[in-house]
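Modelling step: build the complete structure from the supplied sequences, incorporating the hints.
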Amino acid sequence: MAKTLGPVKRSFAPWNDPAAKPYIQYQGITKRFGDFVAVDRLDLTIYEREFFALLGPSGCGKTTLMRMLAGFEDPTEGRILLDGQDMAGIPPYRRPTNMMFQSYALFPHMDVVENIAFGLKQDKLPKGEIDARVQEMLKLVKLEPFAKRKPHQMSGGQRQRVALARSLAKRPKVLLLDEPLGALDKKLREETQFELTDLQYELGMTFIIVTHDQEEAMTLADRIAVMDKGRIVQVATPAEIYEEPNTRYVADFIGNINILEAGVTATGAGRTRLAAEGVAAAIEVERDCPVPVGEKVFFAIRPEKMRLSLDEPADTTVNALTGEVWDIGYLGDVSIYHVKLDDGPVIKATMTNATRVVERPITWHDRVWLTFARDAGLVLAA
Amino acid sequence: MSDARSSAPNRYSRYLVVAVPYLWLLVFFLAPFVIIFKMSFSTTAIAMPPYTPVFETLSDLWTRFSELSFENYVWLTDDALYIRAYLSSLRIAVVSTIFLLMVGYPIAYAMAKAPTSIRPTLMMMVILPFWTSFLIRVYAWIGILKPEGLLTVALQFVGILGPDQQVRIFNTEWAVYVGIVYSYLPFMILPLYAALEKLDGTLLEAAQDLGCRPIKAFWVITFPLSLPGVIAGSFLCFIPIMGEFVIPDLLGGSSTLMIGRTLWTEFFSNRDWPLASAVAVLLLLILVVPIVLFQNQAAKAQEKGR
Amino acid sequence: MNTRLSWFNVTALTLGFAFLYLPILLLVIFSFNDSRLVTVWGGFSTRWYVAMWNNQGLMDAAWVTIRIALVSATCATVLGTLGAIALNRFTRFPGRTLFSGMIYAPLVMPDVITGLSLLLLFVAMDFARGFWTVLIAHVTFSMCYVAVVVQSRLVTFDRSMEEAALDLGCPPVKTFFKITLPLILPAVVAGWMLALTLSLDDLVISSFVSGPGATTLPMKIYSQVRLGVTPEINAISTILIAVVTTGVIIASIMTKRAEVERRRAERMAAATP
Numbered sequence: 001m002a003k004t005l006g007p008v009k010r011s012f013a014p015w016n017d018p019a020a021k022p023y024i025q026y027q028g029i030t031k032r033f034g035d036f037v038a039v040d041r042l043d044l045t046i047y048e049r050e051f052f053a054l055l056g057p058s059g060c061g062k063t064t065l066m067r068m069l070a071g072f073e074d075p076t077e078g079r080i081l082l083d084g085q086d087m088a089g090i091p092p093y094r095r096p097t098n099m100m101f102q103s104y105a106l107f108p109h110m111d112v113v114e115n116i117a118f119g120l121k122q123d124k125l126p127k128g129e130i131d132a133r134v135q136e137m138l139k140l141v142k143l144e145p146f147a148k149r150k151p152h153q154m155s156g157g158q159r160q161r162v163a164l165a166r167s168l169a170k171r172p173k174v175l176l177l178d179e180p181l182g183a184l185d186k187k188l189r190e191e192t193q194f195e196l197t198d199l200q201y202e203l204g205m206t207f208i209i210v211t212h213d214q215e216e217a218m219t220l221a222d223r224i225a226v227m228d229k230g231r232i233v234q235v236a237t238p239a240e241i242y243e244e245p246n247t248r249y250v251a252d253f254i255g256n257i258n259i260l261e262a263g264v265t266a267t268g269a270g271r272t273r274l275a276a277e278g279v280a281a282a283i284e285v286e287r288d289c290p291v292p293v294g295e296k297v298f299f300a301i302r303p304e305k306m307r308l309s310l311d312e313p314a315d316t317t318v319n320a321l322t323g324e325v326w327d328i329g330y331l332g333d334v335s336i337y338h339v340k341l342d343d344g345p346v347i348k349a350t351m352t353n354a355t356r357v358v359e360r361p362i363t364w365h366d367r368v369w370l371t372f373a374r375d376a377g378l379v380l381a382a
Numbered sequence: 001m002s003d004a005r006s007s008a009p010n011r012y013s014r015y016l017v018v019a020v021p022y023l024w025l026l027v028f029f030l031a032p033f034v035i036i037f038k039m040s041f042s043t044t045a046i047a048m049p050p051y052t053p054v055f056e057t058l059s060d061l062w063t064r065f066s067e068l069s070f071e072n073y074v075w076l077t078d079d080a081l082y083i084r085a086y087l088s089s090l091r092i093a094v095v096s097t098i099f100l101l102m103v104g105y106p107i108a109y110a111m112a113k114a115p116t117s118i119r120p121t122l123m124m125m126v127i128l129p130f131w132t133s134f135l136i137r138v139y140a141w142i143g144i145l146k147p148e149g150l151l152t153v154a155l156q157f158v159g160i161l162g163p164d165q166q167v168r169i170f171n172t173e174w175a176v177y178v179g180i181v182y183s184y185l186p187f188m189i190l191p192l193y194a195a196l197e198k199l200d201g202t203l204l205e206a207a208q209d210l211g212c213r214p215i216k217a218f219w220v221i222t223f224p225l226s227l228p229g230v231i232a233g234s235f236l237c238f239i240p241i242m243g244e245f246v247i248p249d250l251l252g253g254s255s256t257l258m259i260g261r262t263l264w265t266e267f268f269s270n271r272d273w274p275l276a277s278a279v280a281v282l283l284l285l286i287l288v289v290p291i292v293l294f295q296n297q298a299a300k301a302q303e304k305g306r
Numbered sequence: 001m002n003t004r005l006s007w008f009n010v011t012a013l014t015l016g017f018a019f020l021y022l023p024i025l026l027l028v029i030f031s032f033n034d035s036r037l038v039t040v041w042g043g044f045s046t047r048w049y050v051a052m053w054n055n056q057g058l059m060d061a062a063w064v065t066i067r068i069a070l071v072s073a074t075c076a077t078v079l080g081t082l083g084a085i086a087l088n089r090f091t092r093f094p095g096r097t098l099f100s101g102m103i104y105a106p107l108v109m110p111d112v113i114t115g116l117s118l119l120l121l122f123v124a125m126d127f128a129r130g131f132w133t134v135l136i137a138h139v140t141f142s143m144c145y146v147a148v149v150v151q152s153r154l155v156t157f158d159r160s161m162e163e164a165a166l167d168l169g170c171p172p173v174k175t176f177f178k179i180t181l182p183l184i185l186p187a188v189v190a191g192w193m194l195a196l197t198l199s200l201d202d203l204v205i206s207s208f209v210s211g212p213g214a215t216t217l218p219m220k221i222y223s224q225v226r227l228g229v230t231p232e233i234n235a236i237s238t239i240l241i242a243v244v245t246t247g248v249i250i251a252s253i254m255t256k257r258a259e260v261e262r263r264r265a266e267r268m269a270a271a272t273p
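Protein chains in written order, with the numbering used here: chain H, 1 to 382; chain P, 1 to 306; chain C, 1 to 273.
Treat the hints with caution; some may be incorrect.
Stated by the list, open to error - Here are the simulated lysine to aspartate or glutamate pairs, DMTMM-like style, with alpha carbons at most 20 Å apart:
1. H:148 with C:266
2. H:296 with H:277
3. H:305 with H:244
4. H:305 with H:284
5. H:150 with C:162
6. H:150 with C:34
7. H:121 with C:162
8. H:229 with H:202
9. H:348 with H:312
10. H:142 with H:198
11. H:148 with C:261
12. C:178 with H:123
13. H:150 with C:261
14. C:178 with H:111
15. H:305 with H:315
16. H:173 with H:202
17. H:305 with H:333
18. H:229 with H:40
19. C:174 with H:123
20. H:150 with C:60
21. C:174 with H:114
22. H:150 with C:158
23. H:148 with H:111
24. H:348 with H:198
25. H:348 with H:304
26. H:305 with H:324
27. H:186 with H:202
28. H:187 with H:333
29. C:178 with H:114
30. H:139 with H:74
31. H:348 with H:195
32. H:150 with H:111
33. H:340 with H:312
34. H:124 with H:136
35. H:148 with H:131
36. H:148 with H:136
37. H:121 with H:111
These are computed hints drawn from the structure, not numbers from a lab.
As structure tokens, then:
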């Protein structure tokens, strides 16, 4: 079987299937607010039944992108296609999308039932059908006993579920979620994360979420689009984003990473040899090198991919770094060691505290060795 | 709605929302000013109703031009009475505004410092007199301030005045000041209170922590930060007081000259419409700068709240 | 923040409110004075209320005033709300600066100027002066106050609720009536009450633009006051004050009760997961 990155959720991967039909397409989208360019010549394809995340810092344009799909903003240039239909000129109340707002935006003068039924009433469905659908939604989000309550009589978590139920009631083709878990506390957030993914899978809908929280994106999404200043930097699955970032920006945005500037000393088919400043040993990576010999690249390696030891390794000439323990971050389940290399930068290495009792504990100012495999790191040009 | 939705019924309703109040104000607020302006250049003969309609007047503007006379304005500037009335109104308005600040600021400050639970009640108590009739409240002061009124009785009772002496406030400028401060107090207190309430109490604590005495802290921190409220309140009072009529008429007697009263007299007693118009236009010109400043400030304040 | 009141503040408040309320109190007390004189207490009597009731001129004026006030307040509320929406939602339309100026100017414009200019307009239009001219005049200046009150509410209004309604399929006009209006209603009602008071209270503008058969109560009171103080005025003033006070107190109690209820509900909700 081919080598894979990380655990595979399910075999759902329409982006790899050349015959798959795109469901949502942003084509050449630019959005300007006066002089400010919020979205810059962006192209994106999303497939049906995907749980897609738009991830990036504030101001990167992700919310604007979502609002354009919902119909609250018009693109300055380009067009948006949904299920093959051009959305230009179609107002939000006639699009087959529904949105779950960051502030929930529940109608304070209506109770839960009326809030959920609101969208259905706009479609002028018969009363019996509306009631049935509302009941279905209440059961889905487990809010049956709260049916007659008003928003101010409910907690944050309950209000979020009402907002979810209201946006799902019309069975939209696409559900847009704007920072859905931001207002919840940690425990509730974790529970809701799994509820959301299960819900999406059962209902077979396309979900698009906008978030600045990488953990949220990684947990929920089938694919993530990492954005920066109105452009998409990388679109890939969470595992690919984490293990195969295409730029330093993406590598640094998700999780922790060590980045060393290095000169290329030798290249070959699927092999690169680097010499990093302040590091005595050579670095060998089992990857193609994007630049010719003599140029500079960036060597990137995740902290957990390194092995920390007080003992000197057998071969100290390749993939072995040595330095002094500068700082230790003890998190209970893992410890993050900041190691200052001799004449070099500070490298982070994470070790699981696998045993409760440690025979030879590592402490500040200890001299340690960091070793890593040839396929543990990446070579990035930018 | 940040972007225009181009569906036809929607655009139609948008136009309507703007057009209806706009047209109303154009016809019933702006147009009258044009007319009053034109009227001020007329002589009494032309100005007698029934009129020639405005449109006709506009079309033969050139022929009328020769008939326009600055007679009224010359009259205004010649006769010392009018100049005195304008200056007196300005003086009274400025002094009243200062009195209003002096009286209103401590009250507004005390309200802002009061426990949060009783603040709405205090607000209600300040606004309540405002809801009752302005005319009636000024009328009440007549009963108090007139020579044989309650103030005299009270002072005689306390012994400050002898049995034959009477308080001589009524029909003097001081009665007007009392009346104006009394009537306009809510207009000064409310903007001041709004500004003071928003003040962050921790700023004063920080000042004290750094060694600043409370009174100095007030002048260096509280007062400057409440300045928007002071300005708003001052405009809200000064401009209408300039043209005030009822109070000087009922409380001020013949010695108090205010331009609003002069206008009224010209119109109702002398039936000289063009002259009254000229008085109004001149008053408007004097007030144009404060009014425009007020509009800008008010519009900006609304934007900031956004 | 130190929430205890210092003696200075308490004195300021006490003196301030005493100043504000003393004349009103005296007015009310002397409406029950048997003697005609302000300074002599002749004993408790309701004769002035009877006299007031029998004063046909006064009663007619009151009736005119109430009708004008109710109608003008309602019209002013509609126009003012439209104006507030125009200012708040539509940031670019031709002549917006002028419109904004016309909304704020009447708030400070001296009554004599407004009154005279409107009268000249009516004469130019050959519009018979009377009930309708007073009505139009009142609507014109009241709508600006309503616009300011409603606009300050619209500024703090959470637009995401309107977007949510649009997103769920509700077209814009319907969204306004089903979502926005119910939520800004307190401000609209406050505007209506403000317009009502302004209309009930107006003397100068009414004097300029009124005509035969449309004498308003303030005009009547003013003409009688010029002739001398009569306690009938006290009587009708007391009634007016009583009505207004009751209204304001009821409104305050209702608002306070709704606030308490809301707080309790929120606390209850926060307790459950």
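- Message: Check the structure against each numbered hint from earlier and tell me which ones fail, lowest number first.
- Response: 6, 8, 20, 24, 27, 30 and 31
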